[in-house]
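Novice: Could you put together the complete structure from these sequences and hints?
These protein sequence lines map, in sequence, to chains A and B.
Residues in the first sequence are numbered from 919 upward in steps of one, following our numbering.
Residues in the second sequence are numbered from 919 upward in steps of one, following our numbering.
Since the hints were derived computationally from the structure, they do not count as laboratory data.
Treat each hint with caution, since some may be false.
The calculated BS3-like cross-link candidates involving lysine-lysine, where the alpha carbons are at most 30 Å apart (straight line), are [unchecked claim]:
| # | chain 1 | residue 1 | chain 2 | residue 2 |
| --- | --- | --- | --- | --- |
| 1 | A | K968 | A | K1072 |
| 2 | B | K1072 | A | K1072 |
| 3 | B | K1072 | B | K1096 |
| 4 | B | K1072 | A | K1033 |
| 5 | B | K1072 | B | K968 |
| 6 | B | K1033 | A | K1072 |
Chain by chain, the residues run as shown.
Number of protein chains: 2
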Amino acid sequence: MRITTVGLDADDTLWHNETLFRMTHARFVGLLEPHADAETLEARLAEAEKRNLRLYGYGVKGFTLSMIETALDITDGEVPTRVIREILAAGREMLNEPVEPLPGVETALARLSEKYRLVLITKGDLLHQEQKLAASGLGDLFAAVEIVSEKDRKTYETVFNRHGTGPEQAVMAGNSVKSDIIPALEAGAWAALVPYPLVWAHEAASAPHDHPRYRELATLADLPGWLEILTG
Amino acid sequence: MRITTVGLDADDTLWHNETLFRMTHARFVGLLEPHADAETLEARLAEAEKRNLRLYGYGVKGFTLSMIETALDITDGEVPTRVIREILAAGREMLNEPVEPLPGVETALARLSEKYRLVLITKGDLLHQEQKLAASGLGDLFAAVEIVSEKDRKTYETVFNRHGTGPEQAVMAGNSVKSDIIPALEAGAWAALVPYPLVWAHEAASAPHDHPRYRELATLADLPGWLEILTG
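Specialist: Put into structure tokens, the structure is as follows:
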């Protein structure tokens, strides 16, 4: 086996992201608690996010707009404008949040970058993802960065052909079975799941445990070792 | 001279965009007129957009958030929530707006695509720009699409090296002196300004009229002719 290229997801693979969204959810619920219970608020916010996904895509700006919309809807317009202001501030704070690589990530990437071409492949707001990569200090380890609107089979085909030697000689590593694993395998690449505690329970069921090009790893620090076995 | 690659800006070069922003500005002013005069509203909105640019980048979602922020600020929180709702709707309508290529664009691109590799190079929300390109029906004419967070010298170097044979054999066409012309010339590419009526007056002064690799064209339909002269 020859592997030339390693694709890496960003949010919740290289640094925390879901934690920050959950904290903002909690803040949103706290702000609107006088108007509705937590369960209703979470459900309505999830509906708004789903409804708006086609228009807003992934990222903090669309999430902020969905929070404002939910606050207006759930209170029938009776929400105090102070709350809208707080939601805007919460969104801005998410965009300003410092970025710290997860434990072991920097060492693993440094080791991988000696042998393979590293490509960051991520969804979300274009500018915000670029800023997070810059803030993380990991930017120099990547040969290329692809911020995409959707992660499907075609995305991985295009990216691994553009920046590597095709999907067959590439491995994708990330925390999402749905976005990082299944479509990368469909494209013909290898795929390593690096679960993130907060989403793992939710997505575990669908992991393709028996797929010959799939592997679940405990952390990203195990990726160089798996690749040595694969290519050695 | 050999030219292999033609970079094209999207908004206000291939289709209307500024017109839509101006219409939404007018709607915003109409909604808040009971609270402030048009001039103050426009000035405060422009300040908010400028202040938020570093965090939100370019595009409709950030513009919508800046309108909401301005509505809250200018009324000291006294804005009716109905107005916030209208601003959210205005943003969604911008994202849903049908996309029509400007007159002559389709024919010009079809002609150019026979001889050159066409690359779309644009700022804005990733998903929205992809959707506009799909809706325009022009997508198949492009060999590559680059949605970028900033258009500077380095952007053009990277894009023309990645998708062509370097900036020296590339020409960039667009309506903005600041984003499409100056940095493309700095990168070593050729550059054609195709003014859009609504911004032309504002940017005319800084056009590099005497630059040997620069040309101002009346419309995009004149680009194939200029390239024939250059390469012939």
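Novice: All hints are to be evaluated individually against the structure, with a verdict given for each.
Specialist: Quick rundown of the hints versus the structure:
Of the supplied pair hints, the one linking K968/A and K1072/A holds, its CA atoms being roughly 23 Å apart against a limit of 30 Å. Straight-line distance between C-alpha atoms of K1072/B and K1072/A comes to about 28 Å, which keeps the hinted pair within the 30 Å bound. For the given pair, K1072/B sits about 14 Å from K1096/B by alpha-carbon distance, which is consistent with the 30 Å threshold. Straight-line distance between C-alpha atoms of K1072/B and K1033/A comes to about 27 Å, which keeps the hinted pair within the 30 Å bound.
The straight-line distance between the Cα atoms of K1072/B and K968/B is roughly 23 Å, inside the 30 Å bound, and the hint therefore holds. Taking the CA atoms of K1033/B and K1072/A, the gap is about 27 Å. The hint holds against a cut of 30 Å.
In this structure, every one of the numbered hints holds.
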